[in-house]
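Need the complex rebuilt from these two chains, each delivered in its own frame; the hints are there to steer you.
Listed below are the residues making up each chain.
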Amino acid sequence: MKIEIPMPKMGESVMEGTIVKWYKKPGDSVKKDETLFEISTDKVDTEVPSPADGIVTELLFPEGDTVDVGKTVAYLETDSTAASIAKSTPAKVKEEKVVEIEESENMVVQTESVKPVEVSDSLIDIPMPKMGESVMDGTIIKWYKKIGDTVKKDETIFEISTDKVDTEVPSPSEGILVEILVGEQVTVEVGTICGRLSVHGAAHAAPKIESEKIPEYKDDSMHSMIAKSVDEASEVKSNESSKFYSPLVLNIARAEKVGFDELEKISGTGTSGRVTKNDILNYISKRNKGEVTVSKTDIKEEVFSTEVKSTIVYSAPKKDFDSSYVSGGVERIPMDNIRQRIMKHMINSRDTSVHVTALMEVDMTRIYNYIQKNKDSFSRKEGIKLTYMSFVAHASVRALKEFPIVNSTVEGTTILQKRFINLGIAVALEPNGLIVPNIKNAQDKNLLGIARGIVDVAERSRTKKLTPDDISGGTFTITNYGVFGTLFGTPIINQPEVAILGVGAVVKKPVVVEVDGMDTIAIKPIMYLTLAHDHRLVDGMVGGRFLKSIKDTLEKFDEKTLN
Amino acid sequence: MIKQYDIAILGGGPGGYVTAIRSAQLGFKTVVIDKENLGGICLNWGCIPTKSLLRNADIYDTIKNHSEDFGITVKGVEFDFNKVIKRSRDISDKITKNVELLVKKNKVDRIRGFGKLISKNQISVFDNTGKETDVIEASKIIIATGARPRILPNIPVDHNMIITSTEAMNLKDQPKELIVIGGGAIGIEFAYFYSVFGTKVTIIEMMDQILPVEDKEVADLLAKSFKKRGIEIFTSTVVEKAEVKGKKVIVTINQNGEKKELKADKVLSAIGVTGNIEGFGLEELGIEIFKNHIKVDRNSYETNVPGIYAIGDVNGPPWLAHVASAEGLYCIEKIKGLHVTPLEYDNIPGCTYCQPQVASIGLTEQKAKEKGYEVKIGKFPFMASGKAFAVGEREGFVKIIFDAKYGEILGAHIIGAEATELIGELGIAKSLEATYESIVKTVHAHPTLSESIMEAAAQAYGEAIHI
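Chains A and B, in that order, are what the protein sequence lines are.
For the first sequence, the tail end lands on 563 under the numbering used here, and the numbers increase by one without skipping.
For the second sequence, the tail end lands on 1030 under the numbering used here, and the numbers increase by one without skipping.
Quick caveat, the hints were computed from the structure, so don't treat them as lab data.
Treat the hints with care, as some may be off.
To be verified - Taking lysine-lysine pairs in the DSS-like style, the calculated list, with each CA pair at most 30 Å apart, reads:
(1) A:Lys286 <-> B:Lys930
(2) A:Lys257 <-> B:Lys694
(3) B:Lys668 <-> B:Lys694
(4) B:Lys897 <-> A:Lys277
(5) B:Lys668 <-> A:Lys286
Said to hold, decoys possible - Ranges between beta-carbon positions, derived for each pair:
(6) B:Lys899 <-> A:Val14: 55 to 63 Å
(7) B:Leu906 <-> A:Gln340: 49 to 57 Å
(8) A:Leu281 <-> B:Thr1011: 30 to 38 Å
(9) A:Leu281 <-> B:Pro716: 54 to 62 Å
(10) A:Arg287 <-> B:Val868: 37 to 45 Å
(11) A:Leu281 <-> B:Gly1025: 25 to 33 Å
(12) B:Lys899 <-> A:Glu402: 49 to 57 Å
(13) B:Leu906 <-> A:Leu487: 54 to 62 Å
In this text, a Cβ means the ideal position worked out from N, Cα and C, and glycines have one as well.
Isolated chain B (complex conformation) (with noise of 0.2 Å):
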C-alpha cells in the first residue's frame, strides 16, 4: 500500500532529522528515510564522535604536560586506546537514540531502508536485502542525502592502510606514523588528536597554508604551535600517489617540484568530500547535477525539478552540519509559507576543534582585501587577557576585521582556547549588523576570554585599554 505523506525527507542527518521535525510542527505529515541510524555523519561518524575524541586527547594533553604548571604532580599517566575510542563510540550510539526518539516524540514517522526516487513524488523504500518494503508518495521530497569523504584515485583508500575519517576514528591500534593527506579542520582534528596520543604525524597540504579557508595568520600560528608538538606540515605540496607496500604506505609527494617519499603505518584522506548523489533516482529524474552536487536555487532549495528539494551537504559546500540544519528550516519554512530571509552564508562560522581552537566567520583579512574593502583591522592576543593567565591559556588572539568605510564586521577569527565557544558573540554581531561600536559599548564580563573580542574591536580603532 501506498503510504501517502505532504513531506518525505530522504536522509536523516543534521539536515534530515532537523527539517522533519520542524516540518511537523508546521502540521505537515512527515517520514524521514534513512538506512543508518538517525544523525547522519555528523553524530555518527563526524561532528560528535570527533569532539570526544578530541576532549580525551585534550585532558590528556592536559595532564601529562601541563599537570606541572598547575603544581600538580602526576605520575605514571598512562591511556588505553580502545577505551578512548569506545568512549567515543557509545556517545555516538546514545546521542543517535535519542535523536530517534525526538524524532518521534515529534510524530514524524521513521522508516529504515534505503529511499529510491521513482517519481517526482514517490520514493521506494528497500531493506538491506534489496526487497521493496514501502512505497510513499509525498507532496514534496527532500532530499538530504548529505556528502561522504572524497576519493582520489591516486590516494587509493583501501579502508585500512589508507583510510578516510570515518575508519580513522574507530581505529582497534594506535597506528605509530600517520599521514594526513589534506589540511582542512579534519585533517587537522585527526592530526592533532593522534599527535596528543604520541602518534608520529605528518601533514600534507597543497595549499600554502594549513586550513586554507582561515586567515593566513591564524593558520601560521597554529603551524607554530603544532610543529612545536612534532607535527611536521608540508604546504603547497602536492600528493603523487599513496601506494601499499608491506606493512607501510608510501607516499610520493611533490614540493614545488621536489619529489620526496614518507612512510607510515596508515594514511588518512582528508581531502574533502562529495556529495551522496548516485543511485536513487537522481539521474531518472533529470535532478540536475553541478560538481557532484545538487544543483539548486538558494531561496528555496528547489531543484530543477518542482517539488523536489536539496538540503545540506548534498547541494555543495560549505559542508557544515548547521548549514545543513538552517538550509533545511528555512526550507520548510518557506514551503510552509513563511515569512523566512535568506541564509547569509558570510555569516556562518567555521570552527577547527584542535587545541588551540580556531573559529572564524566572515571574510579573511586576505579575502577582504581581494574583494576591494579597504579594511580596519583590530587584534588582541589573549597573551594579554587576564582570564587567559589565570587559566593558563595563553596561545592565540581575536582579530576581527572591519570595513573601514561603513564599520562593517567583514570577519572574526579566534585562534586559542574556547574560540569556538567565543565565535557566537561575533556571529550575533555580524548578523544583527552591529559595528565596532555596538561590540566596544557591549559591556563584557570580567574576568572572561571574551573581553578579548571587545579589546580586539576597540584595538581596531585605536581604543583598547590592555594593550
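Just chain A, with the same shape it has in the complex (with noise of 0.2 Å):
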C-alpha cells in the first residue's frame, strides 16, 4: 500500500517547513520510527520519522525546499513487490479500491472492487464526510489544494470542523483539484459536494461516492441512541422540549412542514416568551421569502440535550465598544469554533446541571514514593511515563464501579446508569483550548492500561488525531488542573455526564499525623480532590462516599497488588 508522507505540523501557528535534509533517497527501505527526513520551522527543528516499514518511492521536494504543512513530500511503499511495479508503470497496477477516510477502526470502511473504468478523465464528487451519526453538517475550515493542483490519493484536500471534532479530508484518489463548491468557513450539510476532482485514467478512478455511501464513523455512544434523523425530527411532537407550543401552533408547524427544531429557534412574543401563532406565521412567510435558511441540520444542539432547555444566552448583551474605544485599545477577535464550542458547553452545563463541590485531602505519600521509586524504569520499560494521574484515573474508575451512580446520566425522569466506563480526560490544548477525550471500557483496564490511554488521548488531542468516537460517549470526566500549580478548583461538569473529578496538584504540606497515639507534624505530599456533582442525581452522601473511596483506594496503594 501506497503511504503519503506529509509535511508535519509541529504547531498551532506553523503554517509551513523546510526540509533541511533527506535521510532516504527513492529506493531505500526504511524501517517505522526510522528518520526519513530533517526539518527546520520557524518554531523547531526535528527529524521526522517514518510512519511505517517500506521503501521510498519517490521524494517530492528537494533539500531546502520550503513546504506547506500538510503536503505530501515523500511517498513510501509498504508492499514491497507493490513497490517496485509501482515505480515503473503505475497505471497497471490493480488493486482493490479503498475509500478511505481516515484511518480508523470505528470506521466502516468501503471496500469495494472496482469496476474497471474506461481510460478517460473522470471527475469524481468530494462530499462532506459524515463525521458520526448524529454529525449532520461539517465547516470547511480551510483548503489544502487550489483549484488546478495535484493532489495524491489520501493526501489532505481540506481541513473541516464538525460539532465534534476538527479533522482533515483526505482526497479519495489522485488527481487534480477542478472545482471547489464551498468555500472556506462555509458550513454544509453532510454529503454535499464541495468540490471534484479530475482524474486520469482507470486505476486512478475511485468510486463515486454517493451520498448514501458516505464512510461513517459507527459510533455507538449514548448520543446516537437519542439523535433523530431529520425526517422523524420535522414530526413536531411537544415532549421533545419543555417549552409549551399551543395546540395551534403545533398544527401550522404541522402543515407547513415547520420542523421541530426550527420551532426552537422561534423567538416567541407570547406571555413566557411562549410562541404564538402571529410569530409561527411570521416565520413561515419569512422563510417563504428566503429571509430564513433552513438548514435541516439545525438539529444538532436538540438532538444532544435530554436536559431542561433554557434560553441560552451566550454572551452579554452587545455594548456599543465601537464608540466607547475609539483609541483602537480593543482587538477584536472572532472565536474559533473550538471556543464557540466550549462556550456552549459551558453554559449549557451551567443551565442543566445543579452542581456542587465536595473537597478532600489526599496524602499521596506511598505513591509518591513509588512514583520516586520506579519512574525511570516504569518509562524505559513501558515508554510512557509514570504520572499521578493514572492512579487518579485507575481510583476513580474503581469508584464508579462502587458508585455507578455516578456514571450515569440524567434524561428526562429516566437515570440511564452505564454498565461501561468511559473515562473522560481533560486535555488542555495550546494556545487556548479544551478537549475532553474518553477512554473507553475503562472498567477494564488495569492501572497500565489507564496510564496508556491517558497518553494516547492526550497525544491525539494535541495532533489533532481524535476521531468523533473519541470525545462522544464519555461517562465520567477527570480534570487534571494540578498540572499548573492550581491546588483545587470547582469543575464544570462535561455534559450529559453527572461528576467531575478535579486534580489538584501534589504539594508537600506540614500536617498532623499520629504516631503510637501521639500527634505529630510531619510533612507529606498532598493533593486536594474535588468533585463537582449534580446534585440532581448525586447528594451529598454518594459524592463524599465516591470521594473518599478515591481517597482511600490512593492512600493505601499497595505496589504488591498493582498487576
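Put into C-alpha cells, the structure is as follows:
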C-alpha cells in the first residue's frame, strides 16, 4: 500500500516547514520510526520519522524547499513487490479500491472492487464526510489545495470542523482539483459535494461516492441512540421540549412542515416567551421569502440535550464598544470553532446541572514514593511516563464501579446508568482550548492500561488525531489542573455526565499524623481532589463516599497489588 | 406647592383606577385624579348599574311570564319602578365607595377635581368652582378620561325627552313608549329592560341587523326573540330627525327610501360614544387626535408626546371596561419594564346582557369569510342540552368558527342563558391558541350549559354526540 508522507504540523501557528535533509532516497527501505528527513520550522527543528516499514518510492521536494504543512513530501510503499511495480508502471497497478476517510477502526470502511473504468478523464465528487451519526454538517476551515493543484490519494484536501471534532479530509483519489464548490468558513450538510477531482485513467478512478455511501463512523454512544433523523425530528412532538407550544402552533407547524428544530428557534412574543400563532406565521412568511435559511441540520444542538432547555444567552448584550474605544485599544478577535463550542458547552452545563463541589485532602505518600522509585524503570520499560494522573484515574474507575450512580446520565426523569466506563480526560490545547476525549471501557483496564490510555488520548488531542468517537460517549471526566500548580478548583461537569473529578497539584505540606497515639507534625505530599457533582442525581452522601473511596485507594496504595 | 409623583392618572374609571392600583403595587408613587366618584362610567353610569337593572327585569320577566312553567302560581305581580331604579343607584353608590377604599388601601393618592395638563409633566387640578387646588408634577402621565355618549345634531339630546343612557338608567317615571335609536349593546339592553316592564319599545338601527358587530345568526335569533316580546325593530333605517313636539318626540325615519314618522314619550339616543378629549390641555400640548380619540402606539399606549399615555375609551374602540383595564395594566407594566405581551384585540369578549344574552369573541362567520378564511363551523342549540331543558332556558345556541386549514378558533358566538359567563371558556381557549381538540378533549361537567361548547366544537368536525 502506498503511504504519503506529509509535512508534519509542528504547532498551531506553524504553517510550513523547510526540508533540511533527506535521510533516504528513492528505493531505500525504511523502518517504522526511522528518521526519513529533517525539517526546520520557525519554531523548531526536528527529525521526521517514518510512519511505517516500507520502501521510499518518491521524494517530491529537494532539500532546501519550504513546503506547506500537510502537503505530501514523499511516498512510501509498504508492500515491497508493489513498490517495484509502482515505480515502473503505476497505471497498471491492479488494486482494490479502498475509500478511506481517515485511519480509524471505528470507521466503516467501504471496500469495493471497482469495475474497470474506461481510460478517460472522469470527475470525482468530494463530499462533506459524515463524521458521526449525529453530525449533520461540517464547516470547511481550510482548503489545502487550490484549483489546478494535483492531489495524491489520501492527501489532505481540506480541513473541516464539525460539532464534534476537527479533522482533515483526505483525497479519495489521485487527480487534479478542478472545482471548489464550498468555500472556506462555509457550513454545509453532510454529503454536500465540496469539490471535484479530475481523474485520469481507470486505475486511478475511485468509485463515485454517493451520499448514502458516505463512509460513516459507527457511533454507539448514548448520544446517537437518542439522535433523531431529520425526518423524525421534523415531525413535531411537543414532548421533545420543555417549551409549551399551543395546539394551534403545533397544527400550523405540522401543516407548514416547520420542523421541531425550527420551532425551537422562533423567538416567542407571547406570555413567558411562548411562540404564538403570529410568531410562527411570521416565521413561515419569512422562510417563504427566503429571509430565513432552513438548514435541516440545525437539530444538532437539540439532539444532544436531554436536559431542560432554557433560553441560552451566550454572551452579554452587545454594547457599543466601537464608540467607547475609539482609540483602537480593543482588538476584536473572532472566536474559532473550538472556543465557540466550549462556550456553548459550559453555559449548557451550568444551565443543566446543579453543581455542588466536595473537596478531600489525599495523602499521596505511598504513590509519591512509588513513583520516585519506579519512574525511570517504568518509562524505560513501558515507553510512557508514570504520573499521578494514572493512579487517580485508576482509583476513579474503582470508585465508579462501587458507585455506578456517578457513572450515569439524566434523561428527563430517567437515570441512564452505564455498565461501561468511558473515562474522560480533559486535555488543554495550546494556545487556548480544551477537549475531553475518553478512554473507552476503562472498567476493563488495569493501571498500565489506563496510563497508556491517558497518554494516547492526550497525544492525539494535541495532534488533532481524535475521531468523533473519542470525544463522545464519555461517562465521567477527570480534569487535572494540578499540572498548572492549581491546588484545587471547582470544575464544570462535562454534559451529559453527572460528575467531574478535579485533580490538584501534589504539594508537600505539614500535616498532623498520629504516631503511637501521639499527634505530631509530618511533611507529606498532599493532593486535593474535588468532585463537582450534579445534585439532581448525586447527593452529598454518595459524592462524599465516592471521593472517600478514591482517597482510600490512593492512600492505601500497595505496589504488591499492582498488576 | 407642587406635588411630585412618578405616575399621575387622569380619570378614575375602570382604566384609571385599575392602572393606579397596579402602579402603586409596582412601587410607583401614584395619584389618580377624577372629579366624580371613582369607577367612571362603568361603575357609575354603565356596566354595573345597568346590569343591576337588567337583573330586576330578568326576575320580573320570570315571575310574570314563566312562573306557570315551573308550577308556581303568582298572583298580583307588581313592581315599583322607582325602587327598581333605586336598587341600581344604591349598588352603584356602594361599589364606587368600595373602589375609593380599594385605591386608598393601595396607597394611591386620590385627588377629587378636574385635572388639566399644563405641561408634558404637570397637571393643574381645579375644584368645581374653577379654583386651582393642586399642581402635580409626574414623570409619566396616563390619560384615562374615557368616553361619553355621542350626540348627533339631528337627534338633539335634551336630557329630558331625548335622552342618553345616563338618563335612561335614572328616570323618575317609566315611559309608556320608548324609541331606541341604535341597536348596539347599550340600545339593546335598555330596549329589553323597558320592554320587560311594559314600555312599548321600538328599535331603529342603521345597519342591516341589530347588534351589528355580532354574528348574523345570533342577531337574527335575538331579533326574533325581541319581536316575540313585542319590540318593534327597524333595521337598515336611518333617523332623519328627532323633534320634541309637546309631550311627544317625533322621530322621522327613512327605511330604504320610505319615510315614516314614529312617536314616543322618550327617545334614547344610543348611537355610540365619543372620546373625552376636550378642555384639559391636549390641544395645547399638541397631542395627536384621530377621529375624536387620542392616537396612541398600541404597543405602549404612548401618545405622540413622550411620557404621556392614553388608555381605555379615550384612545378609541373597542369601548369596553375590560379593555381599558387591560390596556392600563399593560401600559404601566411596560413603563415598569416588565415583559408584557401586547393585547390581542381579537381575543376580547363582547357581551350584551339582555335575555337571551349574547356573548362573542373573535370573528363572526361573515368577517371570517370576508378575510378569506375557509371556515369550519360547529353549532349546538341549547334545545339539545339537558341542563338547558332542566332550567327552562332552551333558547339559543353556541356557534364556533374554526379555520379549516389550521384548526384555529377564529370566533365563538353564544346566544342564550348565561352566555356572558360561558364565553370565558372560549376566551381562554382562544388566547391559549387551543384547537377544537383541546375543547373536545376537555371533560366538561354534566349537566351544564358549558357542555354545549364542547358539543359545538365536536359538531364542527362531525363528532357531536347529542345532535
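Against the structure, the hints come out as follows:
no.: 1; hint: A:Lys286 <-> B:Lys930; result: holds, 26 Å
no.: 2; hint: A:Lys257 <-> B:Lys694; result: violated, 67 Å
no.: 3; hint: B:Lys668 <-> B:Lys694; result: holds, 28 Å
no.: 4; hint: B:Lys897 <-> A:Lys277; result: holds, 22 Å
no.: 5; hint: B:Lys668 <-> A:Lys286; result: violated, 50 Å
no.: 6; hint: B:Lys899 <-> A:Val14: 55 to 63 Å; result: holds, 57 Å
no.: 7; hint: B:Leu906 <-> A:Gln340: 49 to 57 Å; result: violated, 40 Å
no.: 8; hint: A:Leu281 <-> B:Thr1011: 30 to 38 Å; result: holds, 35 Å
no.: 9; hint: A:Leu281 <-> B:Pro716: 54 to 62 Å; result: violated, 45 Å
no.: 10; hint: A:Arg287 <-> B:Val868: 37 to 45 Å; result: holds, 39 Å
no.: 11; hint: A:Leu281 <-> B:Gly1025: 25 to 33 Å; result: holds, 27 Å
no.: 12; hint: B:Lys899 <-> A:Glu402: 49 to 57 Å; result: holds, 54 Å
no.: 13; hint: B:Leu906 <-> A:Leu487: 54 to 62 Å; result: holds, 58 Å
Taken one by one, the earlier hints fail for this structure at numbers 2, 5, 7 and 9, listed in ascending order.
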